Each structure stands twice: as C-alpha cells, then as structure tokens.
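*Asks:* For the record, the sequence lines run as chains A and R.
Just so you know, we're using numbering that gives the first Met the number 0 here: the first sequence kicks off at 0 and counts up by one.
Just so you know, we're using numbering that gives the first Met the number 0 here: the second sequence kicks off at 0 and counts up by one.
If you're looking for bench data, these hints aren't it; they were derived computationally from the structure.
From a predicted model like this one, the values you see are computed outputs, not experimental measurements.
Treat the hints with care, as some may be off.
As the list claims (entries may be wrong) - Distance windows between CB atoms, simulated:
{"hint": "1", "chain 1": "A", "residue 1": "R234", "chain 2": "R", "residue 2": "G195", "range": "41 to 47 angstroms"}
{"hint": "2", "chain 1": "A", "residue 1": "R91", "chain 2": "R", "residue 2": "G97", "range": "20 to 26 angstroms"}
{"hint": "3", "chain 1": "A", "residue 1": "T166", "chain 2": "R", "residue 2": "T252", "range": "40 to 46 angstroms"}
{"hint": "4", "chain 1": "A", "residue 1": "R234", "chain 2": "R", "residue 2": "V29", "range": "57 to 63 angstroms"}
{"hint": "5", "chain 1": "R", "residue 1": "I283", "chain 2": "A", "residue 2": "N340", "range": "44 to 50 angstroms"}
Unchecked claim - Here are the simulated lysine-lysine pairs, PhoX-like style, with alpha carbons at most 20 angstroms apart:
{"hint": "6", "chain 1": "A", "residue 1": "K251", "chain 2": "A", "residue 2": "K196"}
{"hint": "7", "chain 1": "R", "residue 1": "K301", "chain 2": "R", "residue 2": "K336"}
{"hint": "8", "chain 1": "R", "residue 1": "K344", "chain 2": "A", "residue 2": "K173"}
{"hint": "9", "chain 1": "R", "residue 1": "K4", "chain 2": "R", "residue 2": "K301"}
{"hint": "10", "chain 1": "A", "residue 1": "K251", "chain 2": "A", "residue 2": "K192"}
{"hint": "11", "chain 1": "A", "residue 1": "K129", "chain 2": "R", "residue 2": "K228"}
{"hint": "12", "chain 1": "A", "residue 1": "K301", "chain 2": "A", "residue 2": "K241"}
{"hint": "13", "chain 1": "R", "residue 1": "K232", "chain 2": "A", "residue 2": "K129"}
{"hint": "14", "chain 1": "A", "residue 1": "K129", "chain 2": "A", "residue 2": "K251"}
{"hint": "15", "chain 1": "A", "residue 1": "K237", "chain 2": "A", "residue 2": "K4"}
{"hint": "16", "chain 1": "R", "residue 1": "K344", "chain 2": "R", "residue 2": "K44"}
{"hint": "17", "chain 1": "R", "residue 1": "K173", "chain 2": "A", "residue 2": "K228"}
{"hint": "18", "chain 1": "A", "residue 1": "K196", "chain 2": "A", "residue 2": "K228"}
{"hint": "19", "chain 1": "R", "residue 1": "K237", "chain 2": "R", "residue 2": "K251"}
{"hint": "20", "chain 1": "R", "residue 1": "K228", "chain 2": "R", "residue 2": "K192"}
{"hint": "21", "chain 1": "R", "residue 1": "K129", "chain 2": "R", "residue 2": "K251"}
{"hint": "22", "chain 1": "R", "residue 1": "K87", "chain 2": "A", "residue 2": "K232"}
{"hint": "23", "chain 1": "R", "residue 1": "K129", "chain 2": "A", "residue 2": "K228"}
To be verified - Chain A regions said to be covered by chain R (calculated; three or more residues, Cβ under 8 angstroms):
{"hint": "24", "region": "156-168"}
{"hint": "25", "region": "216-226"}
Ideal Cβ placement from N, Cα and C applies to all residues, glycine included.
Number of protein chains: 2
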Amino acid sequence: MSNMKDLAIRHSNNPILSPENVSPSSAEMVVECVLNPGVFIFNNKIWLLVRVAERTVQNTGEVTVPIYNEEGGLKMLKFKSNDLKLNKEDPRVINYNGTDYLTTISHLRLFYSEDGSTFHESGNLFGAGKYESYGIEDCRVSQIENTYYLSYTAVSSHGVSVGLQTTTNWTDFKRHGLILPPHNKDCALFTSKIHGKYYALHRPSSPEIGGNYLWLAESPDGLHWGNHKCIAKTRQGKFDSKRLGAGASPIKTPHGWLEIYHGATETNRYCLGALLLDLNDPSIVIARSEEPIMEPLELYEKEGFLGNVVFTNGHIVKDDEIIIYYGASDQYVCQAKFSINDILKHLT
Amino acid sequence: MSNMKDLAIRHSNNPILSPENVSPSSAEMVVECVLNPGVFIFNNKIWLLVRVAERTVQNTGEVTVPIYNEEGGLKMLKFKSNDLKLNKEDPRVINYNGTDYLTTISHLRLFYSEDGSTFHESGNLFGAGKYESYGIEDCRVSQIENTYYLSYTAVSSHGVSVGLQTTTNWTDFKRHGLILPPHNKDCALFTSKIHGKYYALHRPSSPEIGGNYLWLAESPDGLHWGNHKCIAKTRQGKFDSKRLGAGASPIKTPHGWLEIYHGATETNRYCLGALLLDLNDPSIVIARSEEPIMEPLELYEKEGFLGNVVFTNGHIVKDDEIIIYYGASDQYVCQAKFSINDILKHLT
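Build the full structure now, drawing on both the sequences and the hints.
*Replies:* Pasting the structure below:
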C-alpha cells in the first residue's frame, strides 16, 4: 500500500504501536488509544513520548470517567448511560448537565528505539496538580541547545492549557507551570532562538469572535510569552476549515521554517498541511498548502477511536528526509516519511 | 438616593458622563455608550480613559456594523434587518451566518478633572492594526514607578485579546502588541512588583471544559507572561455564577491585595465583589465576597444599553477611601465611594 495519493510514504508495518501492545498504568485501567507522540534523539536513540489514553472497564448501563484527585490518585465519576443529562455524541468528551469531562485520561509514556520502528517501553510521565487532573496530552519535545522543552496540553476543570517542563537528562524534570492560559493547545517551541528570542507556535480557541487559529508568540526566556500574532486562520471549504494547529517544532530549511501542521473540517477529518515561515521573522507566512500533504487514506487512519484522523507532533529530520510519527484515528502510533524538497515543491 | 443596600456611596450627580455629553469621533458616528473608564493621576489631575462605543446612524430595515479597515479608516458592513441569517438577541454582538460582529466600535477617550466629578475632554486613542479592527475597550491604567501600563481589550476577527501600550507622558505611546492571546480580557497589572516580578490578573474564556474564570500571571518584564494560575472560579447560585473578571489593579492594604472584581449571572446581571490576595503570593486567596459589595440598584444602573450592570476598571485610593469610576448599564460613567475597612469587614 505505498501508492497513496498524498506526499507521505507510510511505514509498511504501520501501526507501529497499538493499544494492545501497551500495558495499562494500573490494574483498573484499559488502554484505549496510543497516539500523538513527541519525538527526540537522546543517547543516540530515537525516543517517542507517546500519549496513552486510558479509561476504566465500563459496566453495562454506566459511563465511568477517570480523573486524578488532588493527591494524584485516580478517582472515578459514574453516570447512568440513560441519564438524559448525559451527552456522549463525541467519543472524546462527554457532557453531563452542562459540564464537560474527557472520556479518557491521558498520560505520557516513553519508548526508545534503535531502528526507528521497533520501540521499547521506558517509563511514564503523569499529570500532577490542579491543572492536570484530567490528564496531559500531545507533548511536543523541542531540543534547544542541551535542554529539552516539553510543551503539552494540560487538562482540568480549569480549562485546557499549555504546560511546560524542561529536562536535560530525562531523569530530572523541572515544572514551569502553565505557559499559556485556557483555551490553548498544540504548542511547539522553535528549536533555535531568532535574534536572541525564543519563539513558539500555539493554538488558542475562542468561544465567540475568532476561531481555532494558529498563533506565534515570542519570549525572552522560553517561559514567559508575549507579542502574540495570528499567522494562519481556518479556510472555508478546505481541509483546515474548522481548526488548525501546529505539529512539532518547525524545521529550518534554507527557504524558511517549514511547519507541518494539522487542519480539521467541521466533521473532524484531520489532515496535514505545510506552512513556510520567514527565517528572520516567522510571523511572515511565505507559503501555505492549498491541499493536504497527508490525508487519512489507510484503514488504520480511517477507522478507530476517532476515524479519519492523521495528526503529528513529532519528527526526526535527516538531510532531505522528515520521518514523522503520527497518531492515526486517535488510536495508533504510525510512521511516515516526507521529502523536504517534495513539500517545498508542493508549496509553490 | 444614598441609602442603598450595598457598600457603595454613589455620587449624587450620577451619571457623571452620558453619551449625550460626548462628541462623536466623526460626523457619520453616533455615541451609543460611554463606559468602563481606566483611571489615573497625572500632573495633579484625575484622568479617565473612557471607552466610547459608537455606531453609525441606523437606517430603517438595515443593520450597519462599523469596523476599521487595514489603514485605520472606518468601513461599514450592512445587513438587512429581516435576513434570517442575522441574530441580534444580544445588544452587544450580532451574528451573521455564523460570524460574530460587535454592534458598536469602541475607542478610548481621555478626560481630566480637578475635582473628580466634572470632566473635560482631552483627546482620543483609537485601535490600530489587524488585532484592533473591531475596536479597543475597557482599558486598565496601572502606574508602575513612572510608567503607565495600558492593558485593554483588543477586538478583531482574530479574536478578543489583551493589548498593551505604555507611556510616561501621555503624549508618546509605545505599543507592545498582544500580551495575552484570545479569548482574554479584563487584564489589570499590579502597581508594584512582588519579589522582582510583575503580576497581572486576567480573564481567559473557554469554548469547552473550563469557563470564564479569574487568573493570575507573572512576568519578568511586564510584557511576556507565564506561570498562569486560576485564582477564582464562577460559583453556582451566586452573583458570579456565569463569569467573573478583574476590575482595576489590586489595592495594597496591610491585610493583602484588595481586588474589586465583577461577577455576572447567566442573565448578564453584573455586580461587584471583592477578593483579598496574599501580599507575598497573590495566587493565595485569603477571602472572597459571598455577597456583592455593589449591585445595580439605581435606575441608571438598571436601565440602559445593557441594563442591570455595574462594572468598574478604575479607581483612586486616598487613605481608607476608594473612589471608583464605573460603567452603569454599559451606557454611563458613574462614580461611587467605598471604605477599605468596610470591604475588609464584609470579607470576614
């Protein structure tokens, strides 16, 4: 199945990680989804920081939602399936009597590989504290000099925000709290400073006026952010008509910062597109995909926890080759390759 | 009318500013509302930076919405009143075919006074650029050492964000862009640093999970913000059940930072409450109003552009006395006095 109609060359052994390959974090949990890994190189190995979404064993006639309590332990909220106050149309979020809850709770799990396609488990990062009581998700890992910046979605009853941790050795982690307030996610730091400033892409959402657009921010220290600018909005009738957000850190090319982003339609079909940003001033968009560079085409991308989804937030770059790791159907971790030159050609 | 049932002593000449006292910014505009002034002392005078909300003369059968174009000039969007795609239930926002527009466009106007109740016009600040094309609103003025920080709501099709300008002389203004991305408003900087850091209150809003809560942020420079913390959420059945947001800068008292904030219900009734924050760590809430310290009671607070609204974002403090300037019914500027001791007693 290599002759697909987009620019991605999918790994022949996809999915490379499935829920059944991954052990639950405790006896009472079931792994529903493995998805959306951050990717980095450390000690000459390729590492994935995979989002593992778990739920409790569901009893007939009941919907159980797991959350962390203040002490970090798991707590179960139970609702009757036939309760009229319960809305469960979206597989990701249920609403009970006006309040939203996630159906699953996510943590991050480390995997390492020598060859980039066979991965071995190596420890967990769990949410902690009042801003992560519904879990942590979709972590981008950006290496800036010797420090790894972990920017991830922190979910709690306070809202959906961007949390940051840093590490140099993957043993000791420093927590920097929420670097962006609700509602925000899909935050990826640039891997190098520009004229002495840190930059990051992020995706705020608005309940009224505005939308789900891609924004850029700058920072003197990587921890405090300002001068926010909107660099890409949704486009009616296109693959990114309802929402768009950054993938992983932009890739520095001689022609500009190349960002692979996700765009979704009103029916939650998620594709990948590309943006080319000015090397000196990344708020200037040089080019943007009219058509996706990758679409949900394979069965594992079309059917799953949330079908018709390809979503990436991690890659390895080697010369002209980008190896992306991506979430398929919000359920599997897959791998695909792009040629930078092919994407640049597609952008012009 | 001084024997009201809340802690505020209203000025006998309220409203002190009404739309009919204020000249429109151009011949084609009509002043609908004057409201929500920032307040500061400069050159031994009391100054208000009033929000002036204008709309165009409305022709029968038509709804016209003013916005700024890219060059800063006014542009009119026209809709047929009977168009089924038009939703005009809220006097502040109309929706046409899924897109929100403000019914009025706001700028900021300076007024000065010798006595604190008779005010004279003295120039305008208009929105400028792509993030302010629907206007600028509700500016807080925080004096930190010799610099005035103007934090205001910047509205455009990109969303509702917090813009910042600084000035030392009220002639030259420095623009710092958007310090908080959408959806955010009601941002007030603390008037002094705490352990070398700037602090600000702000109010992000979430389209799902979370709500309209009061948050605190910190900054090394007043321009870049991080370590966001939620310090007050809405409370079911109380005056702040649907949304709450900061008023002006917190007032330093020996017992803590005293913040007068606004809370609103599901039916858009806006009252004022108080919060007491720890002097050394303002993320610690020492006390919070169970009942409002001020409610819409007078006719000018109960009837107007948006009735049942008292909203403050500016004050002068002298010993035990807080003189607040406030928006009444989103239409008038009024004045009232509080005793700090009375508020502290109410909090315990």
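*Asks:* Each hint should be assessed against the structure and marked as holding or not.
*Replies:* Now the hints, each set against the structure:
no.	hint	result
1	A:R234 with R:G195: 41 to 47 angstroms	holds (45 angstroms)
2	A:R91 with R:G97: 20 to 26 angstroms	holds (23 angstroms)
3	A:T166 with R:T252: 40 to 46 angstroms	holds (41 angstroms)
4	A:R234 with R:V29: 57 to 63 angstroms	violated (36 angstroms)
5	R:I283 with A:N340: 44 to 50 angstroms	violated (55 angstroms)
6	A:K251 with A:K196	holds (16 angstroms)
7	R:K301 with R:K336	holds (19 angstroms)
8	R:K344 with A:K173	violated (41 angstroms)
9	R:K4 with R:K301	holds (15 angstroms)
10	A:K251 with A:K192	holds (11 angstroms)
11	A:K129 with R:K228	holds (10 angstroms)
12	A:K301 with A:K241	holds (19 angstroms)
13	R:K232 with A:K129	holds (13 angstroms)
14	A:K129 with A:K251	violated (36 angstroms)
15	A:K237 with A:K4	holds (17 angstroms)
16	R:K344 with R:K44	violated (31 angstroms)
17	R:K173 with A:K228	holds (17 angstroms)
18	A:K196 with A:K228	holds (15 angstroms)
19	R:K237 with R:K251	violated (26 angstroms)
20	R:K228 with R:K192	holds (17 angstroms)
21	R:K129 with R:K251	violated (36 angstroms)
22	R:K87 with A:K232	violated (25 angstroms)
23	R:K129 with A:K228	holds (10 angstroms)
24	156-168	holds (count 5)
25	216-226	holds (count 10)
Hint compliance for this structure: hints 4, 5, 8, 14, 16, 19, 21 and 22 are broken, all remaining hints hold.
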